[in-house]
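Going down the list, the protein sequences come from chains W and H.
Okay, so the first sequence: first residue is 4 according to the numbering used here, each after it adds one.
Okay, so the second sequence: first residue is 57 according to the numbering used here, each after it adds one.
Bear in mind the hints are in silico, worked out from the structure with no lab data behind them.
Just to be clear, a hint being listed does not mean it is correct.
These stretches of chain H come out as covered by chain W in the derived footprint (C-beta under 8 Å, 3 or more residues) [stated by the list, open to error]:
#1 68-82
#2 109-122
In silico EDC-like cross-links for lysine to aspartate or glutamate, where the CA-CA straight-line distance does not exceed 20 Å [as the list claims (entries may be wrong)]:
#3 H:Lys98 - W:Glu94
#4 W:Lys9 - H:Glu124
#5 H:Lys98 - W:Asp99
One side of the interface only, derived from the structure: several residues of chain W facing chain H at Cβ under 7 Å [to be verified]:
#6 Ile7
#7 Thr11
#8 Ala90
#9 Asp93
#10 Arg95
#11 Asp99
#12 Thr112
#13 Gly113
C-beta: ideal position from N, C-alpha, C; glycine also.
Residues per chain, in single letters:
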Amino acid sequence: MNTIEKLTRMRRRILWIVLAGTAAATVLLLSPIVLPGLRTRWLDLDRSPDPIWYGAFVVWALTVAVFAVTFLLYKRKARKDPGSKAAVDDERIRTDWLRAYRIAFLTVTGLAVVLKLFDVVYAFRLIRAFLLPDRTWLILAGAVLSLVGSFLYFSRETGDE
Amino acid sequence: MSEETLRNNMKVLRAKADLTQEQLAERVLVTRATINFVERGKWVPSAVLAMRIARVFRVPFEEVFYLE
Numbered sequence: 004m005n006t007i008e009k010l011t012r013m014r015r016r017i018l019w020i021v022l023a024g025t026a027a028a029t030v031l032l033l034s035p036i037v038l039p040g041l042r043t044r045w046l047d048l049d050r051s052p053d054p055i056w057y058g059a060f061v062v063w064a065l066t067v068a069v070f071a072v073t074f075l076l077y078k079r080k081a082r083k084d085p086g087s088k089a090a091v092d093d094e095r096i097r098t099d100w101l102r103a104y105r106i107a108f109l110t111v112t113g114l115a116v117v118l119k120l121f122d123v124v125y126a127f128r129l130i131r132a133f134l135l136p137d138r139t140w141l142i143l144a145g146a147v148l149s150l151v152g153s154f155l156y157f158s159r160e161t162g163d164e
Numbered sequence: 057m058s059e060e061t062l063r064n065n066m067k068v069l070r071a072k073a074d075l076t077q078e079q080l081a082e083r084v085l086v087t088r089a090t091i092n093f094v095e096r097g098k099w100v101p102s103a104v105l106a107m108r109i110a111r112v113f114r115v116p117f118e119e120v121f122y123l124e
């Protein structure tokens, strides 16, 4: 197996660690809210801290630590062989990352909208709060501004006709 | 106009040159998976990569890639 394959496998392993760790931490974080919510048909978002949340924090911290160490090892290995480093980030991989960023952008924006609507339904007597300039509006404004702004920047025409 | 796709003879040429996907990938500086994607027509390579692949086989570009 050549260095390109070794680095590719190493990166794949790192990404699986991040995915599994984040998924586990998210499950631990949400389970004290969602599981009772399924029984009572009510999501108690103002509940007191749950011991499980400390577990979620430990899993998350471990994930970050393992990621940091393995990513440093990966970078060190890649630096030793610049040719393989370039090959590991070939044109298909870069496009795959761009597609992944697009999905992540849509997910985050969609999630912000859903949570905002959930806020309104959950506390619908405070419907006026919908219009308050809170964090969600800031995230949505940031999303629209960065999306449109960067598109206009990348598609600008320079030089002579 | 009907939609055309880029096809290739990479598998045949690779067999003739006695190269594995991994060896070809190393020669053109991409991952083995990318060669696999290109070979199966699942990824359209850039002009630069397509030229590099043709150069490895020592044949004109059109002998490796064609529109269908």
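Comparing the hints with the structure gives:
With 3 residues having a beta carbon nearer than 8 Å to a beta carbon of chain W, the segment 68-82 of chain H meets the requirement of three or more and the stated coverage holds. Counting residues of the segment 109-122 of chain H whose beta-carbon sits less than 8 Å from any beta-carbon of chain W gives 0, not enough to reach three: the coverage restraint is violated. The hinted pair formed by H:Lys98 and W:Glu94 meets the criterion: a straight-line CA distance of about 14 Å does not exceed 20 Å. For the proposed pair W:Lys9 and H:Glu124, the alpha carbon gap of about 36 Å is over 20 Å, so the pair is violated.
Distance restraint check for H:Lys98 and W:Asp99: the Cα-Cα separation of roughly 13 Å lies within the 20 Å cut-off, and the hinted pair is therefore satisfied. A least Cβ separation of about 6 Å between W:Ile7 and chain H falls short of the 7 Å threshold, and the interface hint therefore holds. Interface hint status for W:Thr11: upheld, as the beta-carbon distance to the closest one in chain H is roughly 5 Å, under 7 Å. Residue-level restraint check for W:Ala90 holds (minimum Cβ-Cβ distance to chain H is 4 Å; threshold 7 Å).
The closest approach between the C-beta of W:Asp93 and any C-beta of chain H is roughly 4 Å, which is under the 7 Å cut-off, so the hint is satisfied. Hint status for W:Arg95 relative to chain H: holds, with the closest Cβ pair at about 4 Å, below 7 Å. Checking W:Asp99 against chain H: minimum C-beta separation of about 10 Å lies over 7 Å; hint violated. Using the Cβ-Cβ criterion of 7 Å, the hint placing W:Thr112 at the interface with chain H is not satisfied: the shortest such distance is roughly 28 Å.
Look at W:Gly113: its Cβ only gets to about 28 Å from chain H, farther than 7 Å, so that hint breaks.
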